[in-house]
Amino acid sequence: MKNTPEYTDTVRVEEDFLNVDTRSLDSKQRITLSEKVINTVVLKNRKVQSYQVLVAKNGNILLRPAVSVPAHEAWIYENPKVIGAIRRGLKDAKEGKTTRVVDQDKFFKSL
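Residue numbers (numbering that gives the first Met the number 0): 0 to 110.
These are calculated hints, taken from the structure and not from any lab test. One thing to keep in mind: the hints can contain errors.
To be verified - Distance condition first, Cα-Cα at most 30 Å in a straight line; then the derived DSBU-like pairs of lysine-lysine:
{"no.": "1", "residue 1": "105", "residue 2": "93"}
{"no.": "2", "residue 1": "43", "residue 2": "105"}
{"no.": "3", "residue 1": "90", "residue 2": "105"}
Stated by the list, open to error - Restraint ranges, calculated between C-beta atoms of paired labels, are given here:
{"no.": "4", "residue 1": "20", "residue 2": "103", "range": "48 to 54 Å"}
{"no.": "5", "residue 1": "10", "residue 2": "109", "range": "40 to 46 Å"}
{"no.": "6", "residue 1": "39", "residue 2": "89", "range": "19 to 25 Å"}
Note that beta-carbon positions come from the ideal geometry of N, C-alpha and C, so glycine has one too.
All chains should be built: construct the whole structure from the sequences, respecting the hints.
Given below as structure tokens:
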């Protein structure tokens, strides 16, 4: 793709894809996602609001499920340290690496 101001963001994608379905374009050049696609393990439990559309130099098109984030929460995702800390905390909690806080005041003062 030509690097025009309109298309300056390049995303490197190295993922394995499942061949789930083949869809035809309608008369207005649109494509719909079938139940088969929506009910894949990956999408079944997500509340997808939109799709990010990525087009490769060879013409391949990738649709990435996306959700909207309230503007006042966007800073979390824009700050790698913050989102990293949150992800580590969630991972630790999932693995049971937590500590019970008995005295909240004392705990917050220790931070």
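- Task: Hints the structure violates: just list their numbers, smallest first.
- Result: Hint 2 is the one this structure does not satisfy, whereas the remaining hints hold.
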